[in-house]
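Protein chains: 2
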Amino acid sequence: MSETTPDQLERIAQCAADAAPRWAGSEPRERASALVGAADALIGARSELVATAMLETGLTEARLVGELTRTAVQLRLFADVVLQGSYLDVRIDEADSEFVLGVRPDLRRYRIPVGPVLNFAASNFPFAFSVAGGDTAAALAAGCPVIVKAHSGHPRLSAATARLVTGALQAAGAPTGTLQLITGRAVGVQMLGDRRVRAASFTGSVRAGRLLADIAAARPAPIPFYGELGSVNPVFVTAAALAERAEQIADGFVMSVSGSAGQLCTKPGFLFLPAGHGLRDGLAARAATGEHRLLYPGIAAGYRDRRDTILATPGVVPIALGSLRFDEQGQGWATPTLASVSARDLLAQRDRLLQEAFGPLSIVVEFEPGQDLVALADQLFQGNLTGTVHAAAGEDSAPLGALIHWLAQHSGRVLFGGWPTGVAVTPAMQHGGPWPATTNDSGTSVGSAAITRFLRPVSYQNAPQGLLPLPLRDDNPWGVPQHRAGSGQSRHWGSQASVSAG
Amino acid sequence: MSETTPDQLERIAQCAADAAPRWAGSEPRERASALVGAADALIGARSELVATAMLETGLTEARLVGELTRTAVQLRLFADVVLQGSYLDVRIDEADSEFVLGVRPDLRRYRIPVGPVLNFAASNFPFAFSVAGGDTAAALAAGCPVIVKAHSGHPRLSAATARLVTGALQAAGAPTGTLQLITGRAVGVQMLGDRRVRAASFTGSVRAGRLLADIAAARPAPIPFYGELGSVNPVFVTAAALAERAEQIADGFVMSVSGSAGQLCTKPGFLFLPAGHGLRDGLAARAATGEHRLLYPGIAAGYRDRRDTILATPGVVPIALGSLRFDEQGQGWATPTLASVSARDLLAQRDRLLQEAFGPLSIVVEFEPGQDLVALADQLFQGNLTGTVHAAAGEDSAPLGALIHWLAQHSGRVLFGGWPTGVAVTPAMQHGGPWPATTNDSGTSVGSAAITRFLRPVSYQNAPQGLLPLPLRDDNPWGVPQHRAGSGQSRHWGSQASVSAG
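As they're listed, the protein sequences go chains A and B. Heads up, the first sequence is in my numbering, so the first residue is 1 and it goes up one at a time. Heads up, the second sequence is in my numbering, so the first residue is 1 and it goes up one at a time.
FYI, nobody ran anything at the bench for these hints, they're computed from the structure. Don't be surprised by glycine CBs; every beta carbon is placed ideally from N, CA and C. There's no promise every hint is true.
Said to hold, decoys possible - Some chain B residues well away from chain A (every beta-carbon gap over 12 angstroms; in silico):
no., residue
1, L35
2, A51
3, D96
4, G167
5, G184
6, G276
7, A288
8, R307
9, T335
10, G418
Stated by the list, open to error - Simulated restraints on C-beta separations:
no., chain 1, residue 1, chain 2, residue 2, range
11, A, E395, B, S487, 24 to 30 angstroms
12, B, R491, A, A393, 50 to 56 angstroms
13, B, A288, A, P6, 54 to 60 angstroms
14, A, A218, B, Q84, 38 to 44 angstroms
The whole structure should be built from the sequences, with the hints applied where relevant.
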């Protein structure tokens, strides 16, 4: 796939801008059926797409079939979000002659699409965070045309996916330019600076994400940039949990670290175990799995460097050394590496050890009985996508409560038991978190709430019914949820608090 | 009021960080009654506060009494928002063994406060956008401690307000550090870079706002910056509206331009009238009002420069020259200045004329019959807080529809008749808009939706009931709205769209 030329870039940006009002103006049924059409097109081409993805990414067939299914399910979920309409957050304040600050006009507020969205595809989810992935589905559902910057790790798959989805969208009546593909790193940067692009999403490294976030913020008219960057996803195991189910924890940990060769943003990078946990041999045995190809040579080279650094750090003891070799094509092949370090040495070597190791490597951190885990975590970690606690059934204590509270303050999702990899696509999912997990922790990039990143509110004041957008009209032809504030309410604001405070 | 010292700044930042978990953990009734207590304290000191504000700002007693009432009402509104609880956006996905992508865990999501918020107070609303103003009320309601950078235009009022509100908050049990004041421009910049500050809000000029937004974006860990900057609030009058109610339009326009000496972010800066409107003399007569003091010497100097530039621009014809003089204290005193220009000359002189003139000045733009107002607006304006259309009763046409659509795309609020000044504090208000109206158009700085700027979502996965935050528990002790997604639903996602697309 050749790089997008400057001429093409200009045409693509204008095409997205031209599509924006038409796609924004599509009725819920049109938009939803276009999303379902895209989902069906992906499923219809499953064997071809998965075969291409296997060649380009080295991921397994089972993983890719599951990911493709997830990608189609995401599109179908967003079709339902569009039809249901609560994402519009319609609020209607009736005109109020008794309003406490003078006559209140009739005010009606809802959310409109922001305009063309630029989505930087990820390497490690060639379907679910790529051309037709979650960010694209959310932006399309919001009513925004999408320009996807293809990831260089899977160019043929990107082109094939774009062809299929574009065809399906057009067949469903979506305007030309609703979904377009660009390629090339410099091209992506240039498009991010284009005045017609109104928001951007990204999944990738802290370095690239920070660079792009800074460009978005420095534009003459800045735009929101939703980047999902780096996360090490600490997991804390209590002594009681270890006593209760050590083998199960060892199983889950190694599965979570080695699946997809650890190339997941939610891979547990640090497992905190009580010193003397006795799991060393069991973990080593479980880590003796077959080789898995890494996504592309650049990822493999980065993994080699991080792994070398970690293994050469004073205080780090290998549990399972694993392997890493490069084939004639420069592709890396790895088996899981597990190492251990004391909490004290981790603190001393934090500059070498804390950065995310993207690949099948994780570090077991051994802590002492009674050690203050909140104080430890506070010295180690900034924001993460996830934080996990393994406690025993019914376990409850002040330190455990403090740790859970700390994790909620520093993560997007807090897990109790289980493992952070495998992110459910549902209304209550939060996939995001404080910096550097994301550049903007008000949004999520998985689940139905992801749509709000690509919307902004607008109010209509004293508009005649005939000039109102349909979701704001009293006859509500789309049947969207409308939250009404009736007249006369303002005189009672705060009175409930006054009484109850008495 | 002396400038905050580096020692004080460090203490204040730490005090806010220490208060954060306690204030975030306050129960709805505690937090609501603290907000009502603050409102009552302001009302109780009304005459003292208004007298100080009159001296420091030159605004009229009537205006300041109204603004103080509004400020108290805002606090009471947010008390109700806290008690009602829908701002938490609680979503509960029940565990689902039939989930289409494999077993779904129990997932529960709500919004938590982001932590200490830095609020840069505005000069032109010494109560409503200052120490205890809308941004402060919204952040406190969200559960965030607030540090207010006082505006240098009303230092004594800022100190008095902070004393009163801090006392009321503490009397209601809020932790020390829930509201604190800092002074000094460099001090504000330094606090914006402090790692303990997690979000910031600002109301002021494009220049200062851009500077601060860039600092917030460039931090090692960037934070959201909600700046409300510049807006010229165009008003378009159709020929039919003019025929129907020219006198009423002239009345409203001059009132909206001259109120508070035009020192309002929603002042209509441009009134588009059909050429030959015949309102010149009527507007001049209405503009002959008494002198009004401008807020402080810096504002007056800026107004003088903008007014001089506008009046010296080729094609600009004065309708009412108005006056501007400086007294011995350097305070500026002004009467309204109205000028007119043809649409063609405005386009030619856009670099001189389009920038906001902060003060009692507005420009009447004369357009030709049949002129494409959307094409004109598109060449003139970026984002605005408001856009207004005056049409005749029942008027409807394709050009009118296109203009309304354009305004919605480029504004936070679209008005039909009426005038943009006077912003209702209600659930459906949107006070924000695309750049340069704000730095971030996903939020509003007026109305109950303003609270969401200071919250971020977090999900709990498979948490035991006893370890969940109260709003996420099945027994729901606070009685907050909980949106539940039951099991088995995912198999039907998209099927409604598929059927209806047939």
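Do the hints match the structure? See the list:
no.	hint	verdict
1	L35	violated, 7 angstroms
2	A51	holds, 22 angstroms
3	D96	violated, 8 angstroms
4	G167	holds, 16 angstroms
5	G184	holds, 25 angstroms
6	G276	holds, 26 angstroms
7	A288	holds, 26 angstroms
8	R307	holds, 26 angstroms
9	T335	holds, 26 angstroms
10	G418	violated, 6 angstroms
11	A:E395 to B:S487: 24 to 30 angstroms	holds, 27 angstroms
12	B:R491 to A:A393: 50 to 56 angstroms	violated, 31 angstroms
13	B:A288 to A:P6: 54 to 60 angstroms	holds, 57 angstroms
14	A:A218 to B:Q84: 38 to 44 angstroms	holds, 40 angstroms
In terms of the numbered hints stated before, the structure departs from hints 1, 3, 10 and 12, listed from lowest to highest.
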